[in-house]
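Trainee: Residues per chain are reported as follows:
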Amino acid sequence: MPGSTPAYVTSSSFAERLWRIAAATLIFARRKPLGAAGGLIVVGMLLAAIFAPYLAPYPPEEFIDGGSARLKPPSLEFPMGTDNLGRDILSRVIYGARLSMLVGFLSTIFGTGVGALLALFSAYAGGIWDLIVQRLMDILWSFPSLIVAIVIIAVLGRSVPNLIIAIGIVVIPSTARVVRSAVLAVKETEYVQAAEAAGASRLRIVFQHIAPNCVAPYLIIATASLGGAIITEASLSFLGLGVPPPAPSWGRDLFGSAQKFAELAPWMPIMPGIAISLTVYGFNLLGDAIRDVLDPRLRGGW
Amino acid sequence: MWSYVIKRLLLGVVTIYGVATLVFFLMRIVPGDPARVALSEPGRDAKVSEEMVKAMRVKLGFAEVIVMPKRSVLEPKLGAKYPQLIEALQALDRSALLGAYTSGAPINAGGIIVRPSEIDVEVRNIPLLTQYIQWMWNSTRFEFGNSLKVNRPVVDEWLRYFPVTASIVILAAVMTVVVAIPLGILSAIRQDRMADYIGRVVSIAGLSFPSFWVAMLIILSLVIWFGWLPPLEYVPVWEAPWQSMKQIFFPAFAVAFAQIGLMARMTRSSMLEVLREDYIRTAWSKGLGERVIVLKHALKNAFLPVLTVFGLQFGFAIGGLVVVERAFNLPGLGNYLVDSVVFRDYNSVQATLFATAIFVTLANLLVDLAYAWFNPRIRYQ
Chain A
92 MPGSTPAYVT
102 SSSFAERLWR
112 IAAATLIFAR
122 RKPLGAAGGL
132 IVVGMLLAAI
142 FAPYLAPYPP
152 EEFIDGGSAR
162 LKPPSLEFPM
172 GTDNLGRDIL
182 SRVIYGARLS
192 MLVGFLSTIF
202 GTGVGALLAL
212 FSAYAGGIWD
222 LIVQRLMDIL
232 WSFPSLIVAI
242 VIIAVLGRSV
252 PNLIIAIGIV
262 VIPSTARVVR
272 SAVLAVKETE
282 YVQAAEAAGA
292 SRLRIVFQHI
302 APNCVAPYLI
312 IATASLGGAI
322 ITEASLSFLG
332 LGVPPPAPSW
342 GRDLFGSAQK
352 FAELAPWMPI
362 MPGIAISLTV
372 YGFNLLGDAI
382 RDVLDPRLRG
392 GW
Chain B
25 MWSYVIKRLL
35 LGVVTIYGVA
45 TLVFFLMRIV
55 PGDPARVALS
65 EPGRDAKVSE
75 EMVKAMRVKL
85 GFAEVIVMPK
95 RSVLEPKLGA
105 KYPQLIEALQ
115 ALDRSALLGA
125 YTSGAPINAG
135 GIIVRPSEID
145 VEVRNIPLLT
155 QYIQWMWNST
165 RFEFGNSLKV
175 NRPVVDEWLR
185 YFPVTASIVI
195 LAAVMTVVVA
205 IPLGILSAIR
215 QDRMADYIGR
225 VVSIAGLSFP
235 SFWVAMLIIL
245 SLVIWFGWLP
255 PLEYVPVWEA
265 PWQSMKQIFF
275 PAFAVAFAQI
285 GLMARMTRSS
295 MLEVLREDYI
305 RTAWSKGLGE
315 RVIVLKHALK
325 NAFLPVLTVF
335 GLQFGFAIGG
345 LVVVERAFNL
355 PGLGNYLVDS
365 VVFRDYNSVQ
375 ATLFATAIFV
385 TLANLLVDLA
395 YAWFNPRIRY
405 Q
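Order-wise, the sequence lines are chains A and B.
Just so you know, we're using the numbering used here here: the first sequence kicks off at 92 and counts up by one.
Just so you know, we're using the numbering used here here: the second sequence kicks off at 25 and counts up by one.
Careful, some of the hints might be misleading.
[To be verified] Derived lysine-lysine pairs resembling DSSO-like cross-links, with alpha carbons at most 30 angstroms apart:
#, chain 1, residue 1, chain 2, residue 2
1, B, Lys270, A, Lys351
2, B, Lys270, A, Lys278
3, A, Lys351, B, Lys173
4, B, Lys94, B, Lys78
5, B, Lys310, B, Lys324
6, B, Lys94, B, Lys105
7, A, Lys351, A, Lys163
8, B, Lys310, B, Lys31
9, B, Lys320, B, Lys310
No lab work stands behind these hints, which were simulated from the structure alone.
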């Protein structure tokens, strides 16, 4: 039939696409059971973060019964016990997921985004630009990551956006390094030369032709950075440089009074500690699996 | 080889100067007036006078104190000693001079006592470019001014805290190498068997447990099960080795835990790659024993990537150290840095930042040189 689109070009319907994603997920889970387990943990934490008000049995900052339910051990009523001020620890852990997920994802997106863009443009332009950006990355790289974050918080002040900036800056150099080597490999290929010969603009070449080929290494480094970002946020909170109290935060909740009461109520530091470790463990497992799938050189390795 | 070493050294120098520049600008993008921020007590709104702000600007190196004796008053009084006074005044400590001037106390300038009313003191802001040149020059000589908190040279403070941190870093590095490399090798030669699975679980756990959490678990289990805590008063290694070991062992372990995970992983995958090479098969078919093949033939080549990661992780380990020192309440540089940040002691923050960056750069440099030493292919590039 002239005029009508052939069947093979029709864009698939939403249901079809959903089905395809589900099938791909299933194949991934079959091939990488550990990665799928990690994925489940991550999705679980995300859901906990999003639906915190519905899941948490108590408001996270409420002193239950006017603060009389202090240091109660884990029970049916309080599955994770209560802290020294009579707050329900389970509720604080669930609400704590919000901060960890928010800061973890946004800082990784910010940091890897900046790093990838810097690398895309500087490596494609080459010459002096490449040199300058590389030296800048060297300089950033020579600061221990947590120390950079501490000092940025010291300079900018304690708040969620500043946490995101501070933790994001830390991942810029590693992303830039990885993406740069991918760009250098793609830059010399014939199809890029063909695009140049056809008179494509530099912006078009970078975004249309080079960037898609750097997606795999980018995703690998981004997922690998997520766990680190969550650890950094928790460490900053632990040092008293995270969001100010009484907002629930895993890192701070396992220090301070938790340490003081640790002998009496070991669940106070242990519960948020498990939450952090489990989440980071999930991100690491997922990141490993994604790396194995996307990087053919590593197949069959770790 | 030598041209490579020189090139690498030069790059290191460029990086360190870049680091110094970054530290300089970092302290100058503090929102608002850094002097006012440094003066405002955390959590308290104390009244800050204009004089205090000026004094703070001098301490931070943002402003300088210009002092001139009033000639018409002092020259007739002192006569021939007048030029001597000018010199003595210039040699005085600027902050002390400003303090005495604002409080109206008599000033002792090299034995000559002058009253504040007899001299002119002016606080003048230094242009940014001059500030920068001064900062660069001072940091080359390790002059970072006085700590704002205790009013003593930052370098002295620094040297007081340094031994604790250094001993933990060294012990942690030794632990990492001693545990991680055998663990990784074992994992590789027993691939997909019990030893391998245990090794893998341990190393992923190492990556997932924040070091302060490991520290907390250690403290908790020591207290709950053994009713024992490491001695709190710090003693240097050379004075009481056993006592100091008891104190440093657990913090070093907490720092090493994450490193062990990463290094064991790296050793394992690098070992696996090498064990599949042709020359290893040749060694097997020659009838060499497993010990010789693994430790002599394979490890030599598998070691290089591990070495690189070890160097890169040095900075990461220092980061972990900050929280571990906090958790164990040890008087190390990490604790010092966090305290300085909380008290907005910018001079100390700058110095600590600069010094750690130098250490990391040096560690990377050493690793690169070691790499070139072990791998002749790098040397001739």
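Trainee: Work down the list of hints and note, for each, if the structure agrees.
Mentor: Hint by hint, here is what the structure shows:
1. B:Lys270 with A:Lys351: 22 angstroms, holds
2. B:Lys270 with A:Lys278: Distance ~56 angstroms between B:Lys270 and A:Lys278 Cα, so the pair is violated.
3. A:Lys351 with B:Lys173: 27 angstroms, holds
4. B:Lys94 with B:Lys78: Holds, because 22 angstroms separates the two Cα atoms, which is no more than 30 angstroms.
5. B:Lys310 with B:Lys324: Satisfied, since the Cα-Cα distance of roughly 19 angstroms is no more than 30 angstroms.
6. B:Lys94 with B:Lys105: 14 angstroms, holds
7. A:Lys351 with A:Lys163: 15 angstroms, holds
8. B:Lys310 with B:Lys31: 42 angstroms, violated
9. B:Lys320 with B:Lys310: With Cα atoms ~15 angstroms apart, B:Lys320 and B:Lys310 stay inside 30 angstroms; holds.
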